[in-house]
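*Asks:* Keeping their order, the protein sequence lines are chains B and E. Note that the numbering used here has the first sequence beginning at 41, numbered continuously upward. Note that the numbering used here has the second sequence beginning at -1, numbered continuously upward.
If you're looking for bench data, these hints aren't it; they were derived computationally from the structure. Any given hint could turn out to be false.
The list that follows gives simulated cross-link-like pairs (lysine-lysine, BS3-like), each with its CA atoms no further than 25 Å apart [as the list claims (entries may be wrong)]:
#1 K87/B <-> K99/E
#2 K154/B <-> K129/B
#3 K200/B <-> K173/E
#4 K165/E <-> K67/B
#5 K54/B <-> K84/E
#6 K154/B <-> K306/B
#7 K54/B <-> K218/E
#8 K316/B <-> K306/B
#9 K200/B <-> K28/E
#10 K200/B <-> K165/E
#11 K165/E <-> K172/B
#12 K280/B <-> K84/E
#13 K201/B <-> K84/E
#14 K86/B <-> K165/E
#15 K135/E <-> K173/E
#16 K87/B <-> K67/B
#17 K67/B <-> K99/E
#18 K165/E <-> K87/B
#19 K99/E <-> K249/B
#20 K316/B <-> K172/B
#21 K95/B <-> K165/E
#22 K249/B <-> K28/E
#23 K244/B <-> K280/B
Calculated Cβ distances over 10 Å to all of chain B for the following chain E residues [what the hints assert, rightly or not]:
#24 D153
#25 I195
#26 S260
This one's a predicted model, so the numbers in the text were calculated from it and none came from an experiment. For glycine and all other residues, C-beta sits at the position ideal for the given N, C-alpha and C.
These are the residues of each chain, in order.
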Amino acid sequence: MSQNLKVALVGAGKMGLSHLSILGAHKNVQIVGVCDTSLIVMGALKKYTQFSTYKKFTKMLDEQKPDAVFVAVPTKLHYDMIKELLSRKIHVFAEKPFCLNPTQANELAKLAEKHNVVNQVGYHNKFIGTFKEVKRIIDSGALGEIYHFLGEAYGPVVTKKKDSTWRSNPEDGGGCLMDYASHVIDLINHLISPVEKVEGTLLKSIYSKYVDDAVYSLLKLKSGASGVLSVNWSDDTYRKMSTSVSISFTEGKIISDASELKVFVKNEGAIAGYSKGWNVRYITQLTDQVDFYLRGEEYSAQIDYFVNAALKKGPNSINTFKSAAHTDTAIALIRNNSKTRA
Amino acid sequence: MDRILYGDNQFFAVNHISDAKSMEQSIRFKEDDAIIATLDQAIDSGINTFMCTTHDRIASVCNAVRSNPQKYQDFKIYPCMPYAHKYANAVTELGIQGTIKQYVPGNFFGSIFKGGKALVSKDYLSIMELLVDAEMKMFTGVNTPVIFLQNVITDLLLGLGMGEILKGFHDYVRKKYHVEPGFITMNLPKLAETLEILGIENPIICASINSANFRMSGGKELYEETLRTGKNRVIAMQVLGGGAIPPKDALSYVCSLPNIESILFGASSKRNIDNTVSTIQEFDKKYHNQ
């Protein structure tokens, strides 16, 4: 069993259970504990699984001494829990959004580096085949300089006026900017360059009383590129979340979502395997097979990546706390900008 | 089960390779009549089984079937439950407990939640049974010889090691509806192994099987090995790899494999339906002399 990573989970909600299922099927993982306060979920786990269940987080850590912990509680609880884990030198996989503000995020990123533990945040888009190919093309420099982008995400999360939940409270990490737009901002940070300046922002409430349901923002990146962010989680013309980027280069263009990649090449021979004009690739050609599938290859792929890093069999350079801190910084810039212009 | 089953992705804007195509389909099948007309074309092409998710709009299809008993006398529907996005969006919004409260009919659980009492195992199976009944309501009076559990639930339970709930679903479908239970999965080898351990013999399993190795967890070779055991009644889905494989090559591969009882496909035009049906028949002759 020395090859196995001892993993615990805190937060058995939708993402937590999804992680737990993938971890449960993982050949290099032994689940040593699950912590949550929900009676109904913990009751089911106690009754139907072999997992040890806990109400108290520190008790689970004391008793089980996990090598790694998946943190899938609401964002407002991340900072304290992750700090505790880092002080115990435990590898951490945290759900997104990472922290409520960039100060907390940067502190945790520094702590993780200091304690030399594997640290990762669940921005799963980076593990999707189409976006991985976008990254590869950008990094090759084959299409010249990027001067502008459009980053979008739409989906049907809040489609009518409803009772409030933690997602509808801005102090708890709720709202479209924190919960939905963070995916696109993080993807732009990763693909092109971190957001440095915000030139104008509209945070719109459509159905929610206290939080934004849509984010429209004009961004400047560190690289000098400009871009438009357009995200709306109250759009029920979409069946599920749909994220896309359109990137304008001096020598071409890329339009990509999670299933289809379209590349316009100006000069023949710029990218091996792509010809002059439009090229279309599908996720079916760009996705790597996983050992266990639940909801999308990317969810398993990000866990494989984390487990390999923790077992010292692979790198820990994608979705680090540091990169998530860039995203938290951009979120704060956008929020502040919306206030100053209001 | 019939050799060829007709699926419903095209009706509900499910397209694995193009969001633009999704929107086109959503516009084309806006009216329920458009769905029913296409189903009728499939029937004309010799298809008699419609495998569909328990989407709200399937209620109209069921109404059409009930009001034309003569026309649809040989027509079967395989419901696949639940329509996952309905619940997934609800969980994002209301949490797990809130979602159960919203969708489990009656006031059965109101008192339990209020009292903050832990549930006993009988309660969990009751939740499952009430949800199955709620999803089955629209199919009253329609011939549904197989009832499926959708892959997102099958695979979630599989990974969690909650085989007992899979067994609970299996037993309940047989007991209450007197029909065959089926499981949709993206993890055929692991599910087949688990169901065998649970004592479920010769289960009906629907899984992605295609020459592109797409959504075949653990890889094509492992899938082929599972098929060779002949211990499962397998339905092949996503045979066209989401549309990325040329149809002829795709169908040739699937037809050449052993122990695949049925092939599930979706198409929106009469021409594509006809082509798929005749191509499968042609390869079946070649490989199985049927």
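*Asks:* Work down the list of hints and note, for each, if the structure agrees.
*Replies:* The hints, checked one at a time:
1. K87/B <-> K99/E: Holds. K87/B to K99/E sits at ~21 Å (cutoff 25 Å).
2. K154/B <-> K129/B: holds (10 Å)
3. K200/B <-> K173/E: Distance ~39 Å between K200/B and K173/E Cα, so the pair is violated.
4. K165/E <-> K67/B: Given that 25 Å is the threshold and the Cα spacing comes to 24 Å, the pair holds.
5. K54/B <-> K84/E: Answer holds: K54/B to K84/E is near 14 Å, not above 25 Å.
6. K154/B <-> K306/B: Status violated; Cα separation ~46 Å.
7. K54/B <-> K218/E: Distance ~30 Å between K54/B and K218/E Cα, so the pair is violated.
8. K316/B <-> K306/B: holds (6 Å)
9. K200/B <-> K28/E: holds (21 Å)
10. K200/B <-> K165/E: Roughly 37 Å separates the two Cα atoms, so the pair is violated.
11. K165/E <-> K172/B: Since the Cα atoms of K165/E and K172/B sit roughly 39 Å apart, the hinted pair is violated (cutoff 25 Å).
12. K280/B <-> K84/E: Within the cut-off at roughly 10 Å; holds.
13. K201/B <-> K84/E: holds (17 Å)
14. K86/B <-> K165/E: holds (17 Å)
15. K135/E <-> K173/E: With Cα atoms ~16 Å apart, K135/E and K173/E stay inside 25 Å; holds.
16. K87/B <-> K67/B: holds (23 Å)
17. K67/B <-> K99/E: Answer violated: K67/B to K99/E is near 35 Å, above 25 Å.
18. K165/E <-> K87/B: The hint holds at about 14 Å.
19. K99/E <-> K249/B: Holds: K99/E and K249/B sit about 23 Å apart, inside 25 Å.
20. K316/B <-> K172/B: holds (21 Å)
21. K95/B <-> K165/E: Measuring from Cα to Cα gives roughly 29 Å; hence the hint is violated.
22. K249/B <-> K28/E: violated (31 Å)
23. K244/B <-> K280/B: Holds, because 20 Å separates the two Cα atoms, which is no more than 25 Å.
24. D153: Its Cβ does come within 10 Å of chain B, the nearest being 5 Å, so this is violated.
25. I195: holds (14 Å)
26. S260: With a cut-off of 10 Å, S260/E remains clear of chain B, as the shortest Cβ separation is near 21 Å.
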